[in-house]
Amino acid sequence: MLVLAAALAIGAADARSVDELTPKDAATVARVNAYLNSITELEGDFTQIGPDGDVAEGRFYLRRPGRARFDYAPPNRLLVVADGFWIGVTDRKLETTDRYPIGSTPYWALLKEKVNLASDARVLAVERETGIILVTIDDPSGEAAGQLTLIFEEQVAKGSDDAPLQLTQWLVTDAQGLTTSVSISNLIAGRHARNELFTIDD
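So the sequence shown is numbered by this note's numbering: it starts at 1 and just counts up by one.
Simulated from the structure, these hints should not be mistaken for laboratory data. Computed from a prediction, not measured in an experiment: that's the story for all the values here. Incorrect hints may have been included.
As the list claims (entries may be wrong) - List of simulated lysine-lysine pairs, DSBU-like, C-alpha gap at most 35 angstroms: (1) K93 to K24; (2) K93 to K112; (3) K24 to K114.
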């Protein structure tokens, strides 16, 4: 709960560009970039908590660049797939699919072939707690509304500038100020996912 509260506080911070961050903050952003660029394929379980407190769970798959899948477990009937160009949100109960350009979603900066938050996003805040790093970004163009807070744990030598990072949670705050939290666990890196998992079925 402490991490969540801290991240929410960061989301409300005044916007700053990376040029205005301290050298230590800029170095932290560089560490985050290096970690994200080291991920080619990743899968695991996720737990999502919506603004109204509703909890949903499922399995996710990520393949950079551009591809992701969030397969919600029953009773939730949603399926979210990024195919490299679009993000499709399918309601399997209603049998409908809505498409959105990746660039208009909060995940645009993370799915690029080369992640560089310093140049492709506006870094609003960087926060460090013991063994935890939080980075909040938004889209300076305004095309992707809202803010994204990424939460990382340092795996060893907590507090060290070269400790390995692991993404454990992110918060999406929409244009209305409503926040959705997604926590990930049981991660498997580098296992090849079937191509069809990243196909949007209309």
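Hints the structure violates: just list their numbers, smallest first.
-> 1
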